[in-house]
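With chain A fixed as given, assemble chain B onto it according to the hints.
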Amino acid sequence: MELVFKRPECLKDVPFHFCPGCHHGIVHRLVAEAIDHFKIREKTIGVASVGCSVFMYDYFNIDVLEAPHGRASAVASGVKRAKKDAIVFTIQGDGDLGAIGIAEGIHTANRGENITLIFANNGIYGMTGGQMAPTTLLGQKTTTSPYGRDFTYDGYPIRMAEMMATLEGSAFVARVAVNNPSHLMKAKKAVRKAFQMQIEGMGFSFVEVLMSCPTNWGLPSLEANRRVEEEMIPYFPLGILKERKMADYL
Amino acid sequence: MDQDSEKILVRGNEAVAMGAIDAGCRLFFGYPITPQNEIPEYLSKHLPPLGGEFIQAESEIASINLLLGASATGARAMTSSSSPGISLMQEGISYMAGSELPVVIVNISRSGPGLGGISASQGDYFQATRGGGHGDYRTLVLAPSTVQEMYDLTYLAFDLADKYRNPTIVLGDALIGQMKEPLLRRKPEKMTLPQKDWALTGAKGRKPNRIKSLYLQEGELTEHNWKLYQKYERMKKEEIRFEMVHTDDAEFILVAFGSMARVSKTALELARNEKMKVGLFRPITLFPYPEKPLYDLSKQAKKFLTVELNTGQMVEDVRLSVHREAEVFFYGKPPGALPPPEEILEEIKKYYG
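Line by line, the protein sequences give chains A and B.
The numbering of the first sequence is our numbering, which starts it at 1 and goes up by one.
The numbering of the second sequence is our numbering, which starts it at 251 and goes up by one.
Keep in mind the hints are simulated off the structure, nothing from the lab.
Virtual Cβ for every residue (Gly too), placed ideally from N, Cα, C.
Don't take each hint at face value.
Derived DEER-like restraints, expressed as beta-carbon distance ranges [stated by the list, open to error]:
1. Phe-38/A - Ile-368/B: 47 to 53 Å
2. Glu-470/B - Leu-219/A: 31 to 37 Å
3. Lys-84/A - His-474/B: 28 to 34 Å
4. Arg-491/B - Lys-189/A: 57 to 63 Å
5. Leu-138/A - Thr-472/B: 23 to 29 Å
6. Lys-39/A - Lys-486/B: 46 to 52 Å
7. Gln-480/B - Glu-229/A: 52 to 58 Å
Chain A with its partners taken away, still in its complex shape (with noise of 0.2 Å):
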């Protein structure tokens, strides 16, 4: 019989400690398929970031380096200078790419570092217990805007897609979600688009990806998906926004 669906071998044998209904777990598989798919797990460098993203060393089968916060971007830029055969990937949380590390993710990008970076986005801070985050949307309640974002206090929700797709060093840009089975597809072929931005030496390459914080948002699993659906979404709009076609140098 032949076998259609398995664990990627680049993901170990064990549980996700994720809480339900969250999609970090997803998006551990869809960059795992990838790196399964380019047969780079040999040379595959992962840098964990600060939040629930740290445990990726628990997960993949492959050399991981833990960064500190926010600065995940910078020390995979490290790595990659240090090791140019290497794939570099890293997956960065809303508080430690869009706060903390901003400056970090804007200068490699701009630097066109050739790495890749997902970027998970579910707009709040979910490992130490569900503060707002920069990308927290006006009106959402968390433990620190208890009486929903208020602009006049907090500012906007930022988009960071949008930032990176403007800088000249980013190669490839995209904000997919993975709330239902046709995004899902989507972000599958942005995060392998990624990874093969990468491998030909085109520069940066990021995706961000919309996902659901059930236990931070108070939200049972189903109503969380259907929370990216219509709160997120509108807010932060799908698709490819940058998409460069051969390696250039300005």
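For chain B alone, coordinates are given in the frame of chain A:
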């Protein structure tokens, strides 16, 4: 002069850069700050032709994290900065101590606190020798006193970092960084750098390697901290370095490091001219601190004058090291003017009799 080296006249900061290149460092990440700019400037010119990488990062925070990433692959890599920039790097240094990554960090220190000034100061002694960032860790600290030592100790720093898998700091200052002296530079040699089976190179034909500092399972972090402690204890046994001048018959000892050791050496000569039995003890490793040799010396000499370009930092280590019957005095100057040797001579006379 032996045939394996050439004699050149260079600035202290250039000597650091040359020492790094000769030690096999091919990656440098940094951010401009006075008075260390000659280091990145030299390396931005000389690393690319050697197949190396130079990145002028957007901040010292990015620099130290680029360094973290590069060193995790097993490559020899370095950053340099000056006091305020080194403060910004402390988070990364703590992570690298926790993750046991061998890197070299050069601090051509200036004066503080805050923006302070660009003149020489030894105000970063505590920061360098007490870990500097959060957590219970130490970095190896080397304190050059000459341009030659800027070169030699930078070179050595890479070997020590690799030996202990630990961040190593070269603590110079504006004075030694900016002045020119003759330097004997090693002729280029074919090097074999140490094998690093822990490095991240891609999990080919082996189990995946992981480098991290997060330990949440019960007992794990305790065990990790004890392991680090054992390493620091081993450094104390094996890496103590110091210089003693005219200590054989000395009854009075000057203790100074780096640029202040130079001034103290002249003061010592002035005192000897006046028939005072003065010696100099110069720690070269600030961590591990040469406690034992200083203790041994205090069985012979009973008076110690610590001279520093600050208001009293290393003097605490001198007090902790010497025999309880020895007296420890302090002469320090906050940033600004360097004390002339005559001023130190006056201090010697105050306590000598």
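Hint-by-hint comparison with the structure:
1. Phe-38/A - Ile-368/B: 47 to 53 Å: 50 Å Cβ-Cβ, so the 47 to 53 Å window holds.
2. Glu-470/B - Leu-219/A: 31 to 37 Å: holds (34 Å)
3. Lys-84/A - His-474/B: 28 to 34 Å: The hint (28 to 34 Å, Cβ to Cβ) holds, given that Lys-84/A and His-474/B are roughly 32 Å apart.
4. Arg-491/B - Lys-189/A: 57 to 63 Å: holds (58 Å)
5. Leu-138/A - Thr-472/B: 23 to 29 Å: violated (45 Å)
6. Lys-39/A - Lys-486/B: 46 to 52 Å: About 48 Å separates the Cβ atoms of Lys-39/A and Lys-486/B, which means 46 to 52 Å holds.
7. Gln-480/B - Glu-229/A: 52 to 58 Å: This hint holds: roughly 55 Å between Cβ atoms.
When the structure is compared with the earlier hints, a violation turns up for hint 5 alone.
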